[in-house]
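Those protein sequences? They're chains A and B, same order as listed. Counting from 1, one number per residue, gives the positions in the first sequence under the numbering used here. Counting from 264, one number per residue, gives the positions in the second sequence under the numbering used here.
Honestly, the hints are just simulated from the structure, not real lab data. One or more of the hints may lead you astray.
As the list claims (entries may be wrong) - Derived Cβ-Cβ restraints for the label pairs, each shown as a range:
#	chain 1	residue 1	chain 2	residue 2	range
1	B	V307	A	E203	19 to 29 Å
2	A	D148	B	G382	17 to 27 Å
3	A	R120	B	G291	36 to 46 Å
4	B	G291	A	K32	49 to 59 Å
5	B	F311	A	E121	11 to 21 Å
6	A	K138	B	L444	27 to 37 Å
7	A	K131	B	H464	57 to 67 Å
Said to hold, decoys possible - Think about it this way: if two alpha-carbon atoms lie no more than 25 Å apart in a straight line, the pair counts; the simulated PhoX-like pairs of lysine-lysine are:
#	chain 1	residue 1	chain 2	residue 2
8	B	K308	A	K129
9	A	K132	B	K273
10	A	K129	B	K304
11	A	K132	B	K304
Remember, predicted model here, so these are calculated numbers, not experimental data. Using N, Cα and C, we set each Cβ at its ideal position, and we do this for glycine too.
Residue-level listing of the chains:
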Amino acid sequence: MTDKSNDIMDMPRVSPAGETTKEPVISIRGLKKSFKDHEVLKGIDLDVYKGENLVVLGKSGSGKSVLIKCLVGLEYPDEGEIKVFGQDISRLEYDELNALRVRVGFLFQNAALYDSMTVRENLAFPLRKHKKTMSREKKEAVIMEMLDNVGLVDSIDQMPSRLSGGQAKRIGLARTLILRPEVMLYDEPTTGLDTATSHEISELMVRTKKKYNISSITITHDMPCARLTADRIILIKEGLVVAEGSYDELERSEDEWVRSFFY
Amino acid sequence: MPPSLNPYQKAKVHVTEKRGQLQRFFYGAGNLVAFAGRFFKEVVKPPFEWREIFYQSYLVGYKSTFLIGLTAFIMGVVLTIQTRPSMAEFGAISLIPGMISVSVVREIGPVITALICCGKIGSRMGAELGAMKVTEQIDAMEVSAINPFHYLVVTRTVATTLMIPLLAIIADAIAMYGGFLAMNIHDTMTLRHFFVAGLSHLEFIDVFPAIIKTFFFGFVVGLIGCYKGYQARRGTESVGIAANSAVVASSLAVFIIDMLAAQITDLL
Chain A
1 MTDKSNDIMD
11 MPRVSPAGET
21 TKEPVISIRG
31 LKKSFKDHEV
41 LKGIDLDVYK
51 GENLVVLGKS
61 GSGKSVLIKC
71 LVGLEYPDEG
81 EIKVFGQDIS
91 RLEYDELNAL
101 RVRVGFLFQN
111 AALYDSMTVR
121 ENLAFPLRKH
131 KKTMSREKKE
141 AVIMEMLDNV
151 GLVDSIDQMP
161 SRLSGGQAKR
171 IGLARTLILR
181 PEVMLYDEPT
191 TGLDTATSHE
201 ISELMVRTKK
211 KYNISSITIT
221 HDMPCARLTA
231 DRIILIKEGL
241 VVAEGSYDEL
251 ERSEDEWVRS
261 FFY
Chain B
264 MPPSLNPYQK
274 AKVHVTEKRG
284 QLQRFFYGAG
294 NLVAFAGRFF
304 KEVVKPPFEW
314 REIFYQSYLV
324 GYKSTFLIGL
334 TAFIMGVVLT
344 IQTRPSMAEF
354 GAISLIPGMI
364 SVSVVREIGP
374 VITALICCGK
384 IGSRMGAELG
394 AMKVTEQIDA
404 MEVSAINPFH
414 YLVVTRTVAT
424 TLMIPLLAII
434 ADAIAMYGGF
444 LAMNIHDTMT
454 LRHFFVAGLS
464 HLEFIDVFPA
474 IIKTFFFGFV
484 VGLIGCYKGY
494 QARRGTESVG
504 IAANSAVVAS
514 SLAVFIIDML
524 AAQITDLL
């Protein structure tokens, strides 16, 4: 385990595929964000390397979701620098930001499926917008492949309202993966699901990472999910990164507050 | 118990409250103007979402025709029945078709159509976009690099701007037909005679401004419905508020535009 002050962030990382990756795909320095008088993030520094899943833990209201929303321009930092694939997102024009967003997938807490569209249309929608030259047959094949990945081929013509929470999350993941992002951001992917379904989603995240060699940041309170998916974990307390390490390292931490997450 | 306030303190609290309300009003109005500005910037920007525009036009136009038609028919019947006794008193029954056509085409048709659309379409758009905002569907579009303003707001506002004038023309025709049927309760007049007599009283100044203002009505119904939905905060309550305030604000805007149109027409 390391403290925020340690220099572990400057060290080169080894991806699970065994590839040493010096350059982070995501790099955050001195990120500050306030809502009116409430300062949510007070100077976050972190790096995410290629092929790595970074899990962010912290109590509710500690600014974890705000952190990943800043990465895709849903929120803008008051201070600090956010570089995704080496591009400072706060300096990008709207079209440049959109080009970057195609490379970054975001799975929302409630999946955020378009409820006026069927599952097929939900998956076809990003393809229709970004893969205009792709033939109809190819699009259909990609949709089927993604649904097959998440084990929900049979749900292709269902409306989102007919899906269970776990199914909606899986379809949300399939929709996000359909543009083959290089980075995935998971906002509490197992919240509101039963233990078995949470485990299925966590395994799906691991399989997805291995299959597509995706880097990811996962916001979660679900410790079994963190244990299964995390290459590295950081803990946020009162808007600052207060601890960093592997699951086992943090579980054995001498800090009572850190260990309280692992009970 | 809260401490009792002297009259000066009460007045101060009252003034502070009113000032806050006024600030919020101007803040909201400013935001709406900025929202409209963004619409004009985005509406000319390709790619054009033809498919969604056609779908929204179908929802706004075709799906509202029955309600608009029925209301217009009733208005035509009621207008004729209510005015007949006064006209009969002056021996001016033959002028009823002209009176019906002028009042329907100039005022009743466009305004009734716009108000029904405020209730039916404005509230639907407010609620739909509000729900999409609350359930993060708009954010999901944004992070998928799909411009939600372009896809949701521009298409809906274009659809209402184009469809409400068409609905108003249909409403005018049906209201005239309703007037014809009501006329035949006590008198006898052929459909052809009624329409020829009615339309002969219409001049360019009656028809042209009336049609032009329906484009503005359509624009505000779509824009305000979308704006209220887009401004929804977290929580299901805000969806209801968005729908409700979309109806109130767009109805008010329709009356303001109507008043301005009447003043401008009067100057011509």
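Going down the list of hints, with the structure as the test:
1. V307/B <-> E203/A: 19 to 29 Å: This hint is violated: roughly 48 Å between Cβ atoms.
2. D148/A <-> G382/B: 17 to 27 Å: Cβ of D148/A to Cβ of G382/B: about 46 Å, so the range 17 to 27 Å is violated.
3. R120/A <-> G291/B: 36 to 46 Å: holds, 39 Å
4. G291/B <-> K32/A: 49 to 59 Å: violated, 29 Å
5. F311/B <-> E121/A: 11 to 21 Å: Between F311/B and E121/A, where Cβ atoms are some 20 Å apart, the hint holds.
6. K138/A <-> L444/B: 27 to 37 Å: For K138/A and L444/B the Cβ distance comes to about 58 Å; the hint is violated.
7. K131/A <-> H464/B: 57 to 67 Å: holds, 58 Å
8. K308/B <-> K129/A: Given pair K308/B, K129/A holds - Cα atoms ~15 Å apart, limit 25 Å.
9. K132/A <-> K273/B: violated, 64 Å
10. K129/A <-> K304/B: Distance ~20 Å between K129/A and K304/B Cα, so the pair holds.
11. K132/A <-> K304/B: Distance of about 24 Å is within 25 Å: holds.
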